[in-house]
Amino acid sequence: METAVEKRYTLEEYLEMEYHAETRHYFYDGRVASMSYTSNNHGSIIANLIGEIGLRAKGTNFRAYPPGRMLYVPECRLNYYPDVMVVKGEPVFRQHTKKMHATLNPHVLIEVLLDSTEENDRIDKWYCYRKIPSLQQYFMVVQDQVYIDFYNRIDETRWENSYVDRMDQEIEIAGFRIKVEDIYLNVQFEKPEPKADQ
671 METAVEKRYT
681 LEEYLEMEYH
691 AETRHYFYDG
701 RVASMSYTSN
711 NHGSIIANLI
721 GEIGLRAKGT
731 NFRAYPPGRM
741 LYVPECRLNY
751 YPDVMVVKGE
761 PVFRQHTKKM
771 HATLNPHVLI
781 EVLLDSTEEN
791 DRIDKWYCYR
801 KIPSLQQYFM
811 VVQDQVYIDF
821 YNRIDETRWE
831 NSYVDRMDQE
841 IEIAGFRIKV
851 EDIYLNVQFE
861 KPEPKADQ
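All residue numbers for the sequence shown refer to the working numbering, where the first residue is 671 and numbers rise by one.
Simulated from the structure, these hints should not be mistaken for laboratory data.
Since no wrong hints were added, every one of them can be taken at face value.
Simulated pairs of lysine-lysine, BS3-like, Cα-Cα distance not exceeding 25 Å:
1) K849 - K728
2) K758 - K801
3) K861 - K849
4) K769 - K758
5) K758 - K849
6) K758 - K728
The calculated label-pair distances, taken between Cβ atoms and stated as ranges, are:
7) E830 - L681: 30 to 36 Å
8) N731 - D814: 32 to 38 Å
9) G729 - K801: 29 to 35 Å
10) S832 - K769: 38 to 44 Å
11) H771 - R847: 31 to 37 Å
12) D835 - K769: 40 to 46 Å
13) T767 - N856: 34 to 40 Å
14) T827 - Q858: 39 to 45 Å
15) E745 - N710: 32 to 38 Å
16) N710 - R847: 24 to 30 Å
Here the structure is a predicted model, which is why all the values come from computation and not from measurement.
All residues carry an ideal CB built from backbone N, CA and C; glycine is no exception.
Using the sequences provided together with the hints, build the complete structure.
Listed below in structure tokens is the structure:
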């Protein structure tokens with residue numbers, strides 16, 4: 671009996687395929703997977719974050735980038751498409767092809783959690799992201815309730831973990847104070863199902 675062998679790709683094969691693809695894909699340990707469907711809440715949170723950071727970053731050396739901006743982590747030999755990437759100063763790139771390059775020096779990375787990717791964002795990505803020398807903050811934003819989990823770099827090997835879980839709180843991203851209620855603007859939370867005895 672024959673068993674199917676999962677096709678593995680080299681980084682170069684993945685990049686060639688990605689350059690011509692209509693949709694984006696993750697590359698991990700030779701495997702290629704399509705990026706997940708995103709909800710209205712997911713898109714609203716990303717738009718809010720880009721808007722709030724972009725407004726405050728005007729006239730500074732910070733730039734905020736939406737999804738679609740490729741990140742390469744040499745320490746893991748992996749490419750990612752973070753939901754929001756903030757770069758301080760000039761972006762540094764790894765040239766993949768003549769027209770395709772990936773950012774190497776994020777200052778802040780933000781992922782808006784999906785059910786299908788939450789474990790990967792919290793474990794695999796975080797394991798890799800924290801190896802990026804320029805990275806100072808990593809945020810994981812929950813989309814179906816008010817909850818933002820985040821890490822701030824203390825030094826080369828230590829990070830401080832904290833969270834916010836109320837609309838009336840503020841959070842500091844790349845040194846900019848942002849209200850939690852502005853991050854969740856226009857986000858619709860599902861109402862809990864009523865109990866049978868009510």
